[in-house]
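> Protein sequence lines correspond, in order, to chains L and W.
FYI, the numbering used here numbers position 301 of the first sequence as 536, with every residue one higher than the one before it.
FYI, the numbering used here numbers position 313 of the second sequence as 548, with every residue one higher than the one before it.
Simulated from the structure, these hints should not be mistaken for laboratory data.
Treat the hints loosely; a few may be bogus.
Any copy, or any two copies together, can satisfy a pair, since identical chains are not distinguished.
DSS-like mimics (lysine-lysine), calculated; alpha carbons at most 30 Å apart, straight line [what the hints assert, rightly or not]:
#1 K518 x K321
#2 K348 x K375
#3 K279 x K289
#4 K289 x K250
#5 K375 x K346
#6 K321 x K279
#7 K297 x K567
#8 K425 x K455
#9 K552 x K321
#10 K348 x K363
#11 K475 x K363
#12 K346 x K321
#13 K297 x K279
#14 K421 x K346
#15 K279 x K250
#16 K454 x K425
Because the structure is a prediction, the values reported are computed rather than measured.
There are 2 protein chains.
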Amino acid sequence: MLIVKKFGGTSVANKERIFNVAKRCIEDYNKGNDVVVVLSAMGKYTDELIDMAKDINENPPKREMDMLFTIGEQMSVALMAMAMNKLGVPAISLNAFQVAMHSTSVYGNAKIKRIDCERIRHELQNRKIVIITGFQGVNKYDDYTTLGRGGSDTTAVALAAALHADACEIYTDVDGVYTADPRKVKNARKLDMVTYDEMLELATLGAGVLHNRSVELAKKYGVQLVVRSSLNTNEGTIVKEGAKMEKMLVSGVAADVDTARVAIIGLKDEPGVAFKLFNALAKNNINIDMILQSIGRQGTKDITFTCNIADADEAEKVISDTMEFQSIDVDKNVAKVSIVGAGMQTNAGVAAKMFEALYDENINIRMISTSEIRVSVLINQKNTERAMNAIHDKFALGEEK
Amino acid sequence: MLIVKKFGGTSVANKERIFNVAKRCIEDYNKGNDVVVVLSAMGKYTDELIDMAKDINENPPKREMDMLFTIGEQMSVALMAMAMNKLGVPAISLNAFQVAMHSTSVYGNAKIKRIDCERIRHELQNRKIVIITGFQGVNKYDDYTTLGRGGSDTTAVALAAALHADACEIYTDVDGVYTADPRKVKNARKLDMVTYDEMLELATLGAGVLHNRSVELAKKYGVQLVVRSSLNTNEGTIVKEGAKMEKMLVSGVAADVDTARVAIIGLKDEPGVAFKLFNALAKNNINIDMILQSIGRQGTKDITFTCNIADADEAEKVISDTMEFQSIDVDKNVAKVSIVGAGMQTNAGVAAKMFEALYDENINIRMISTSEIRVSVLINQKNTERAMNAIHDKFALGEEK
Chain L
236 MLIVKKFGGT SVANKERIFN VAKRCIEDYN KGNDVVVVLS AMGKYTDELI
286 DMAKDINENP PKREMDMLFT IGEQMSVALM AMAMNKLGVP AISLNAFQVA
336 MHSTSVYGNA KIKRIDCERI RHELQNRKIV IITGFQGVNK YDDYTTLGRG
386 GSDTTAVALA AALHADACEI YTDVDGVYTA DPRKVKNARK LDMVTYDEML
436 ELATLGAGVL HNRSVELAKK YGVQLVVRSS LNTNEGTIVK EGAKMEKMLV
486 SGVAADVDTA RVAIIGLKDE PGVAFKLFNA LAKNNINIDM ILQSIGRQGT
536 KDITFTCNIA DADEAEKVIS DTMEFQSIDV DKNVAKVSIV GAGMQTNAGV
586 AAKMFEALYD ENINIRMIST SEIRVSVLIN QKNTERAMNA IHDKFALGEE
636 K
Chain W
236 MLIVKKFGGT SVANKERIFN VAKRCIEDYN KGNDVVVVLS AMGKYTDELI
286 DMAKDINENP PKREMDMLFT IGEQMSVALM AMAMNKLGVP AISLNAFQVA
336 MHSTSVYGNA KIKRIDCERI RHELQNRKIV IITGFQGVNK YDDYTTLGRG
386 GSDTTAVALA AALHADACEI YTDVDGVYTA DPRKVKNARK LDMVTYDEML
436 ELATLGAGVL HNRSVELAKK YGVQLVVRSS LNTNEGTIVK EGAKMEKMLV
486 SGVAADVDTA RVAIIGLKDE PGVAFKLFNA LAKNNINIDM ILQSIGRQGT
536 KDITFTCNIA DADEAEKVIS DTMEFQSIDV DKNVAKVSIV GAGMQTNAGV
586 AAKMFEALYD ENINIRMIST SEIRVSVLIN QKNTERAMNA IHDKFALGEE
636 K
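Chain L on its own, in the form it takes in the complex (with noise of 0.2 Å):
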């Protein structure tokens, strides 16, 4: 069998945690499977990266500080490839040019292309454990790329489909998916199996666990995932399509406080605004979430939208040097709350019970957006883990289905 196994920063963040895993990879290999490695950096050593950076140049080029990223993955998989060669394993440590892992052009944000699998196979075949760097891509310049957040899984999930993997191992903090954030729902529950349209959704709305663009490329090439923790050896939770869906109609409930909203009021009533509107936006590489347009006073509409909190001054500059209207305005003090769960596609109801969940709390609803497995509602940050624990209890989520 080859498996491709990814850690996270905190589960190679210090030496005992590196033999750790070392040992996890070891079994695997010992078992007579090959054994693909990919390491994020070590604990929060990108942080310590950025802080070098910021030190010198507080708006240092992208293409620098990609430059500069690339080291942390680079000593995780030295460092990892020493643990395991001490251990009596051989294995063998892999940067982006040595795999190659083509990527786009964009620094800070690149997307995988294509991954040459010449070097990987062949260290494979003289039974060497190969340990690869996470994160980071080589663009067509010749330069180092990252791939912005969650770039491990999508490097993991990525390597699983260039080498027709058997399995794809997220290991990670958590145990696994759960029907909420433990940390802030008491009885959230882990989850079994999801589908992979569950878990994109629950990674776009900021569950964490992995990142969406991971989740993306697993189902587009049929990776089957298993997240698990690295500090224990609970059964994780399966990612694949049509797992089974317990029955339930709701799998989880997410939150995401990284999120503005940006509300135009009196833009023109004419055909073409939301186009000029969603397009200098887009030119800019602001992504949107949800969008409300309403109409406004005397020939005027007024359009709502939702975004990163990190772009929200910037679609306010895009807006104010693009568009006419009469006034704006952002809030950062807003946070997504949402349901997941492919059971709601044949069921009406489910809305109306988690705004039914809402209104029991008190809490005002200032958004809506929904998708075929999700609904979505905006609502002032501060009543976050308030409407998440009322919503995970009106559907009985920490209760076995």
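Given chain L's structure and the hints, the job is docking chain W onto it.
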């Protein structure tokens, strides 16, 4: 003009020094020059990486050590590019893969084979300062290598040769090449010029300013070097072919205390003994410096040699495993003191004058070795500074010629 400037670890040890280096480079850039900068890892970072590795595996694979080491220079070059950018000058950092810097295969002690100049020239044409990782290469297996001691100097010289640079400036924490180590000989004087051969002898003898490999390379390709301080703007020392001799017999005095003397008593007096002995040592990568052979008692002979102190114990072991003899003695409390100068080639009295200086101080000479431009003696280590001062005074090296 195309200028290659190399700065060592102390020159980029912190934010302030990084900006200091950035400004020096920008001065040259603003005069219209093309500027290529070679950097070492910051301060003692390479030592920190060694500690990190040894904590995991006291005998780490050399291939993985090089993978770990190379992050040190990558950190330096990325931060330097950010600093120059902050000062408003376009700069780009390149690692050994990006250059590409082709090396031989030996991990930890590779040699540069070939440098691709295309990328560097392209960036220079775009009027960027190009900042390149010193000390590292990529071998035919597509793995990182490091160049061993003085590796960043070698990188700079090799780049200057490959790019046909007009100048190659080696910045260090001393003002240039001195007639003797100023910490040991108080009226030591800075030299304006030395020849490659003199520098080569001084480097080999532990004068510590430039590593011999970089000087050999500079000589081979006729790259004129300037050695100067990154901490002040003093004129440095020029190293070039046929530099004006300053009418001096002797250019400088150097001492090497990292040397050990191995004496083998009672070897068989028959053909092939020396071959067998030194062949065995060579096969174990033990470099030999001075050699002395004398006839022993009753059809035996004695051989004494010096080697690096770090190799002395292994040398003893190799000899004990290989040869038949009566006794072996390893003395680590020795020092090699040498005088160097292209002028002495044509003057027979130089060696005698040196021996006289030692005799005046009542210092016993244990071994002697000479080259065309060097005379070395082995003495007890405790006499090192006294010997250096006596010789320095005897040749009046502190006085302008």
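> Now tell me, hint by hint, if it's right for this structure.
Checked hints:
1. For the homomeric pair K518 and K321, the shortest alpha-carbon distance between copies (26 Å) is at most 30 Å, but the shortest distance inside one copy (50 Å) is not.
2. Proximity of K348 to K375 under the C-alpha cut-off of 30 Å is found in both arrangements, the shortest distances being 10 Å within a copy and 25 Å between copies.
3. Both within a single protomer and between protomers do K279 and K289 lie at most 30 Å apart by alpha-carbon distance, with minima of 16 Å and 21 Å respectively.
4. In this homomeric assembly, K289 and K250 come within 30 Å of each other (Cα to Cα) both inside a single copy, at 28 Å, and across copies, at 11 Å.
5. Taking the closest pair of Cα atoms, K375 and K346 come within 30 Å of each other both inside a single copy (12 Å) and across two copies (28 Å).
6. In this assembly of identical chains, the alpha carbons of K321 and K279 lie at most 30 Å apart whether taken from the same copy (25 Å) or from different copies (25 Å).
7. Taking the shortest alpha-carbon separations for K297 and K567, only the intra-copy value of 26 Å comes in at or below 30 Å, while the best inter-copy value is 51 Å.
8. In this assembly of identical chains, the alpha carbons of K425 and K455 lie at most 30 Å apart only when taken from the same copy (25 Å versus 68 Å across copies).
9. For the homomeric pair K552 and K321, the shortest alpha-carbon distance between copies (24 Å) is at most 30 Å, but the shortest distance inside one copy (55 Å) is not.
10. For a Cα distance limit of 30 Å, the shortest separation of K348 from K363 qualifies both inside one copy, at 26 Å, and across copies, at 29 Å.
11. Proximity of K475 and K363 under a CA criterion of 30 Å is satisfied intra-copy only: 29 Å inside one chain copy versus 49 Å between copies.
12. In this assembly of identical chains, K346 and K321 lie within 30 Å of each other by CA distance solely across copies; the values are 28 Å between and 35 Å within a copy.
13. Taking identical chains as interchangeable, the C-alpha atoms of K297 and K279 lie at most 30 Å apart whether they share a chain (20 Å) or sit on different chains (27 Å).
14. Taking the shortest Cα distances, K421 and K346 never come within 30 Å of each other, neither inside one copy (37 Å) nor across copies (61 Å).
15. For the identical chains of this complex, K279 and K250 are neighbours both inside a copy (14 Å) and across copies (21 Å), given an alpha-carbon limit of 30 Å.
16. Taking the shortest alpha-carbon separations for K454 and K425, only the intra-copy value of 21 Å comes in at or below 30 Å, while the best inter-copy value is 69 Å.
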